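Protein chains in written order, with the numbering used here: chain V, 1 to 388; chain P, 1 to 110.
Careful: at least some of the hints might be erroneous.
Stated by the list, open to error - Straight-line distance between alpha carbons at most 25 angstroms, and here's what the computed SDA-like set of lysine to any residue pairs gives:
1) V:Lys112 <-> V:Val233
2) P:Lys21 <-> V:Val348
3) V:Lys49 <-> V:Gln9
4) P:Lys106 <-> V:Thr196
5) P:Lys51 <-> V:Leu208
6) P:Lys7 <-> V:His206
7) V:Lys10 <-> V:Val267
8) P:Lys106 <-> V:Glu39
Rather than coming from a laboratory, the hints here were simulated on the basis of the structure.
Just so we're clear, the structure is a prediction, and the values are computed from it rather than from any experiment.
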Amino acid sequence: MDLQQSDEQKLIVATVRRFVLEEILPLEMNLDPDADSLEPADRERLVGKVKEMGLYGLDIPQEFGGPGLDMVTKTLISIEMAQHRAGLYSPCYGVFGGAGLAQLYEATEDQKERYLYPTLRGEKRGFFGLTEPSGGSDPARAIQTRAIKDGDDWVINGSKIFISGADVADFGLVFARTSPDKGRGGVTCFIVDTDTPGFHVRRVIHTLRSAHYATELQFEEMRVPARNILGEVNKGFSIANDRLSRQRIPYSAGCIGVAIKAHELAVEYAKIRETFGAPLASRQAIQWMLVDNELDIKQSRWVTLEAADMADRGMPFRKEAAMAKLLASEAGSRVVDRCMQIHGGYGVTKDFPFERWYREMRIRRIGEGPSEVQRHIIARDILGSSLR
Amino acid sequence: MPIRLDKPWIALSTKNLEQVKGHLGVYELGSEIDGVVFIGCADARSLFGLKGELQDHLDKGAQTCFRIEITSAYQTRYRELLMVHYADFQAYPRDNIEADLPRLGKLSPL
Numbered sequence: 001m002d003l004q005q006s007d008e009q010k011l012i013v014a015t016v017r018r019f020v021l022e023e024i025l026p027l028e029m030n031l032d033p034d035a036d037s038l039e040p041a042d043r044e045r046l047v048g049k050v051k052e053m054g055l056y057g058l059d060i061p062q063e064f065g066g067p068g069l070d071m072v073t074k075t076l077i078s079i080e081m082a083q084h085r086a087g088l089y090s091p092c093y094g095v096f097g098g099a100g101l102a103q104l105y106e107a108t109e110d111q112k113e114r115y116l117y118p119t120l121r122g123e124k125r126g127f128f129g130l131t132e133p134s135g136g137s138d139p140a141r142a143i144q145t146r147a148i149k150d151g152d153d154w155v156i157n158g159s160k161i162f163i164s165g166a167d168v169a170d171f172g173l174v175f176a177r178t179s180p181d182k183g184r185g186g187v188t189c190f191i192v193d194t195d196t197p198g199f200h201v202r203r204v205i206h207t208l209r210s211a212h213y214a215t216e217l218q219f220e221e222m223r224v225p226a227r228n229i230l231g232e233v234n235k236g237f238s239i240a241n242d243r244l245s246r247q248r249i250p251y252s253a254g255c256i257g258v259a260i261k262a263h264e265l266a267v268e269y270a271k272i273r274e275t276f277g278a279p280l281a282s283r284q285a286i287q288w289m290l291v292d293n294e295l296d297i298k299q300s301r302w303v304t305l306e307a308a309d310m311a312d313r314g315m316p317f318r319k320e321a322a323m324a325k326l327l328a329s330e331a332g333s334r335v336v337d338r339c340m341q342i343h344g345g346y347g348v349t350k351d352f353p354f355e356r357w358y359r360e361m362r363i364r365r366i367g368e369g370p371s372e373v374q375r376h377i378i379a380r381d382i383l384g385s386s387l388r
Numbered sequence: 001m002p003i004r005l006d007k008p009w010i011a012l013s014t015k016n017l018e019q020v021k022g023h024l025g026v027y028e029l030g031s032e033i034d035g036v037v038f039i040g041c042a043d044a045r046s047l048f049g050l051k052g053e054l055q056d057h058l059d060k061g062a063q064t065c066f067r068i069e070i071t072s073a074y075q076t077r078y079r080e081l082l083m084v085h086y087a088d089f090q091a092y093p094r095d096n097i098e099a100d101l102p103r104l105g106k107l108s109p110l
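Whole structure, please, built from the sequences with the hints as guidance.
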């Protein structure tokens with residue numbers, strides 16, 4: 001695999017890097033260290049700039065108006081976009097636009113009219129409702145939210161937890177069990193309008209991060225029309241599964257971007273900070289920490305780009321995406337921890353970004369499939385059918 | 001942790017602020033009679049945390065009561081308190097200026 005960037009990729013990467021340095025970082029200096037959004041006027045101005053750059057809506061398929069970039073290029077961009085304080089969970093504060101819920105690209109035309117196109121126009125927002133209090137790592141078995149057919153409708157009862165953005169969403173994808181079959185065969189995906197009677201966002205779940213905070217949902221006799229089923233009855237799990245694999249690549253890229261920035265700051269700090277009459281950079285203990293940072297970043301970057309390249313070539317990439325997520329999230333945690341240590345007392349203050357990265361990076365080892373699940377996926381691939 | 005701040009109201013005074021420290025967190029101004037009239041947040045840009053924010057209100061002549069919650073999740077707790085208030089009263093607290101509020105969602109707390 002050739003990791004040399006094409007001239008076009010180099011230009012795009014340089015453009016995004018300059019955008020972060022010249023537009024995002026100056027604004028970020030005046031925001032609360034835990035902010036996850038810009039002032040509306042700044043946001044609007046920067047969205048305009050990103051559109052002029054031709055990079056708005058990176059994950060929107062080209063046929064729906066996206067820039068039509070391959071996965072490797074998008075991964076390189078994601079690495080750049082994450083290189084600021086809020087970059088892990090709010091890369092560039094969302095001014096590059098989202099794709100909405102990717103599953104809607106496979107929706108019926110009627111569903112696209114009601115949900116996808118308004119989302120692409122910025123008129124609607126959606127959430128993804130999979131995880132339940134009974135479990136998130138094994139959603140196929142953990143889903144207990146039930147949907148029972150009643151005439152032309154389905155009546156849904158149950159709850160979801162750790163759902164980002166449900167309080168500000170206009171609709172969401174809710175996965176419910178529609179068959180007494182245990183496991184993935186009995187799950188259906190419903191598109192639910194948040195003003196449906198019986199739909200409740202009960203509370204905000206306060207965690208280590210403030211950006212894209214999680215909520216707890218409850219559905220009480222919530223009636224959803226059959227025309228809001230996404231895909232087919234009892235075949236919703238494949239919709240969820242596809243997202244989990246694809247998401248792991250940009251998820252990994254975010255970890256790498258933050259690790260790169262943290263390492264950069266630590267290198268500069270080590271050169272100027274003196275202890276006992278010499279710069280930190282002259283101490284072997286510090287040098288080896290920086291070396292370990294380089295190794296962690298290089299390894300994660302290589303594996304993540306390989307997964308992206310395989311996705312672009314149409315090859316199976318489930319194992320590689322799992323490896324990328326596992327490596328990048330764990331390496332990212334180690335790098336940020338070392339960089340915080342190098343900065344000493346300053347490293348734990350809110351004056352520097354490390355404390356936010358430290359908290360948020362911890363979540364990366366759990367979200368989108370914890371490290372243990374990634375290892376399980378990789379082991380299953382290595383050992384083949386003997387593990388089933 | 002209860003979703004609403006349910007601690008007793010304390011009169012906003014110099015003497016009572018001696019017990020408040022510079023932690024980050026959220027606070028409410030109001031009373032048993034008026035209810036909650038303002039929800040505020042001592043975020044990381046605040047020089048003296050909750051103590052400083054409440055002192056500012058006192059310096060501006062506020063004659064009211066307060067209650068606080070120390071939390072490092074001040075951003076999300078601040079939003080949650082505003083959303084819960086809206087859910088309970090279909091309006092934000094009297095003295096919170098809507099234009100200054102962050103983007104808020106909709107909650108239906110129990």
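Worksheet entry | Given hint Val348 of chain V paired with Lys21 of chain P - CA-CA distance at most 25 angstroms | 20 angstroms, holds
Worksheet entry | Restraint check for Lys51 of chain P with Leu208 of chain V, where alpha carbons must lie at most 25 angstroms apart | 24 angstroms, holds
Worksheet item: Lys10 of chain V and Val267 of chain V: Cα distance at most 25 angstroms?
Response: 24 angstroms, holds
Worksheet item: Regarding the pair Lys112 of chain V and Val233 of chain V, is the alpha-carbon distance no greater than 25 angstroms?
Response: 18 angstroms, holds
Fill in: Hinted pair Lys7 of chain P and His206 of chain V, Cα distance within 25 angstroms
The hint holds at about 19 angstroms.
Worksheet item: For the pair supplied as a hint, Lys49 of chain V and Gln9 of chain V, is the alpha-carbon distance within the 25 angstroms limit?
Response: Given pair Lys49 of chain V, Gln9 of chain V holds - Cα atoms ~19 angstroms apart, limit 25 angstroms.
Worksheet item: Between Lys106 of chain P and Glu39 of chain V, is the straight-line Cα distance small enough, at 25 angstroms or below?
Response: With Cα atoms ~21 angstroms apart, Lys106 of chain P and Glu39 of chain V stay inside 25 angstroms; holds.
Discussion item. Check the hint pairing Lys106 of chain P with Thr196 of chain V against an upper bound of 25 angstroms on the C-alpha distance.
Written reply: 13 angstroms, holds
This entry satisfies every hint, going by the numbered hints stated previously.
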